[in-house]
Amino acid sequence: MRALTWHGTRDVRVETVDDPEIINPRDAIVKITSTAICGSDLHLYDGVIPGVKPGDVLGHEFMGEVVDTGRDSTLKKGQRVVVPFTIACGGCFHCKSQQYSACDNSNPVEKQDMSATLYGQPMSGLFGYSHLTGGYSGGQAEYVRVPFSDVGPIVVPDHLEDEKVLFLSDILPTGWMAAENADIQPDDTVAVWGCGPVGLFAIQSAIVMGAARVIGIDHYPHRLELARKLGADIVNFRETDVREALLEMSGGIGVDAVIDAVGMESHGFAIDNMLDVAKQKVGIGADRASALKQAILAVRFGGKVSIPGVYGGMTDKWPLGAMMEKGLQIRGGQTHVQKYTKDLLAKIEDGTLDTTFLISHRLPLEDAPRGYHCFKEEQDSWTKVVLKPGMETTA
Amino acid sequence: MERETRNRFGGLLAAAGVTLSAGLVASFLARRRAWHGDDAPGYTQPRSFGDYDVTGRSVTIREPRQKLYEFWRDFANLPRFMENLEEVRQQGDDGDSVWVIKAPAGRSVEVETKIAREEPGELIAWRSVEGSDIDTEGRVTFEDAPGERGTRVKLIIAYKPPAGEVGKRVAKLFQREPAIQARHDLKRFKMLMETGEIATSARTADQTRAAQQENG
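These protein sequence lines map, in sequence, to chains A and P. Using the working numbering, the first residue of the first sequence is number 1, and each one after it goes up by one. Using the working numbering, the first residue of the second sequence is number 396, and each one after it goes up by one.
Looking at chain P on its own, in the form it has when it is part of the complex:
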C-alpha cells in the first residue's frame, strides 16, 4: 500500500511539473508533451490530480544553490519562513521528522514524514508516512538560474485531506489558499536568504505578525 501510494505520487508530482533530473531529454520531452502539450508547469493548469490537491510555486534567489539546499535540508529551519509550520522535530539520522502544523482554534496537527528522495544540492522530496493526519508529499528543487541570478527554487506540495473530525480541520486549514501560502512561504525564504531577515512594517516588536500570532 505504501509503495503503491508512493508510485502514484511520483507520477502525480511529475505531472505537476517537476522536471527532476530526467535522464534522457528526448524521452522526458515526449513524456511531458503527452501529459499537457505545452511547457508550462502542470500546477499552473486547471486540471485534476484525482483526490489530491497540488500546488506549486517558484522563486528566484540570488544565492548559491548549495547554500539554499543546506538551509532547507535542516528541516528545523523551515518554521522560520513557513507560516503554518510550528515546529519540525528530527527523528533519528535518516531524515525522518515530525512536522507540527498549526490548525484552527489554537490546535495543531502532527505529520510524520520520511525523505522520499534526495539529490544533494538539487532536490529534496518528502512524504507523510501511512496513518498520518494528512496524506501529503512535497518536493523542493534547486536549479541554477541564468547568469548571476542565483537559484530557482520550486516547491510543489500535494495533499489529500482525510475524512473525520481532524480531517475537516486540516481541510479548512489547507483551503486557506494554498497557492498563496506557498508563494508567501517561498518569498519569506528568499528574504531570509538574501537579506538575513524577514521584512516587517511593524513599528514596535509586539506589532509584528509573528508576535501577534503568538499572542492569539
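Looking at chain A on its own, in the form it has when it is part of the complex:
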C-alpha cells in the first residue's frame, strides 16, 4: 500500500510499504477514506518528539471502511468507522475508569521502558506517534491495522459525510476535553492560547458549555477571524500585551480559566524561550512552554489551567511560585477519546457542533508531503489538511 513515512526532520515521503494484516483476535483492518494532518504531527515533522524511526507511518486522525476483522472484533466488513487516536483495551483499571489514554495494555511491553523512565509509568499506545507510544503504523496510508477494534472505533451513519465526523478521531474530543478540564462555570471568562484546530474546538466547546466570555489568543489573522466567527473575543499577541489585556478584559481579577492549546513548540520572544529553542535544536531539548507560563501568570487566584497542548519532557524556569501561591488547578493529559465519541457524534448529528469550517485544504495522499510543508509554513491559510487516499492527483 501507499503510506506517508517519516525519514527525518522535515523529511516525510509517500512510499509503498507492506499492507497491514490481522495479527491479534480483536484486530480489524480499515481502508482509509479520509485522514488529517494534526498540529501534533508537526512536532514529529520538526523532529522534537523522541523515538521516531525512519520508515514509520504517521497519522492518527483517520476514518474509513472496515475491510477485515479478527475473530473477536465486533465490527463488520463494510461499516464506516472513525478510529480514536488513542488505542485502548477497554478492560484494564484505567479504561474502566474511562481514562482510555492511560490504557495499561495497548503499548507493547518492549516499548514501555522509555516512557516509564520519562514519566514513572509507561504511556498507552497511540497510532503513528513514535515508538514512545508503541510504534504503531498510523493512518496516513491506504490501510491501517486497528487493535482492540471492539473498543475504539465508532460506527458512523451513512448520511454523515466523512468531513463531518472525521475530527471525532482526535481534535474535536481534544478540544472538548480541554474545555471540560477547565471546569467551566456559567460566569467564567476563559482564555485560549492558540487558535489552531484544537484551540478553535476548545473555544467552540467552552461556548457550548456556557462560558460567559471566551478569548482566543493567536497572531495569525485568519485563525483569529475563525475564533471570532465561533463567538470568541480575540487578542493578537503580536499587537497586544496579553497579560495586561486579559487582566483588563476580566475586570482586574484575571481570567477564571486558561487553556494552553499551543504545546511544546510555543512561539515567544522572551530570552528563556530562545534558550529553549537552542536546546531543542542541539538535542537536549527542554519543552518550550512560553504560552503555558504566560497562562499561569494570567489566570486568577484559584483559577483553572487546562493543558491539551502536547509536551514531552522537561521545561526550564517554571512559574512554580505563581502555581502554588495562586492555588491553581492544573489538568492535562492525552485525550480519553473513547469517553467522548458517542456524545460528540450526537452533537454533530443534531447540529450543536459543526467542525467542517476548519478544513482549508483537501489533498490526495500522494501530496501529503506538500500538506505537511504548507501546514507548517503557511499556518494562517492552511488551517486543516484532509488527505484522501482515493482522490485523483491533479498536479
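Wrong hints could be hidden among the right ones.
Over 12 Å on every C-beta distance to chain P, these chain A residues come out as not near it, computed from the model [unchecked claim]:
1) ASP18
2) ARG26
3) ASP27
4) GLU110
5) GLN112
6) HIS219
7) SER250
8) THR393
One side only, chain A facing chain P, incomplete, derived with CB under 10 Å [stated by the list, open to error]:
9) VAL17
10) PRO20
11) ILE87
12) GLY91
13) LYS96
14) GLN99
15) ASP113
16) GLY134
17) ARG145
18) PRO147
Because the hints were derived from the structure by calculation, they are not lab data. Since the model is a prediction, treat every value here as computed from it, not as a measurement. Every residue gets a Cβ at the ideal spot worked out from N, C-alpha and C, and that includes glycine.
Chain P: place on chain A using the hints.
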C-alpha cells in the same frame, strides 16, 4: 543438602519481601523490621543475598485471583508470556516439570523443577532439583487488590548461576537485566489475562517479536 538449600532459600525469599501467609501479624512485622527496617519489599533495596541474585516485580491485574492462579498453575501456559521460556513439560501429576529456557546462540537450557509450596489461589513456589543447570527458586503470590482493582501478582525469582561452560551461558542469559525481564513477563501476563491477547505494533504477522525470534 537438598533440605539445607531449601531452608536457606526459604529465608532468602522471605528476606526479599515475600509476605506469604504469615501466621501472627505481630511476629511477622517484628521479623521484617529486624531484616530491613521499613515496609518496602526487600528486592527493591540494594542489598546482598549471598551468592544468589534475587529479583522481584509486582503487577495489578483486573481479574479474580482464582482465575490468575489457575492459569499460572498450568505451567504449560507460562511460555505464552515468559519470553525466555521455550517450553514447560509436565512430569507426572505432582507438579514436577522441565522448563526449557532459551540460551544465547540458539541453544537452550533445561531446568527440572519441583513445586516447593502451594496454597491454592494464593501462592505457588517452585525450585530446581539438585544437579540442574541453574540453581533457582521462584515464587508467585496472588493477593486481592483493594476495591475493584483485581489482584496483585508478585513474582520473585532467585538464582545462582553455576560454574562451567553451561554456567557462563546461563549467567549471560540472566544478566540481561532480570528485573526488566520479570516486569515485561508480568506485563505480558496482565495483557493476556485482561485483554486475551498480547499487544504488538507490528503491521504484518512476520514482523511480530515472536515471529522474528522464531526466525532467528
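List of violated hint numbers, smallest to largest:
The structure conflicts with hints 1, 2, 3, 4, 5, 14, although it agrees with all the remaining ones.
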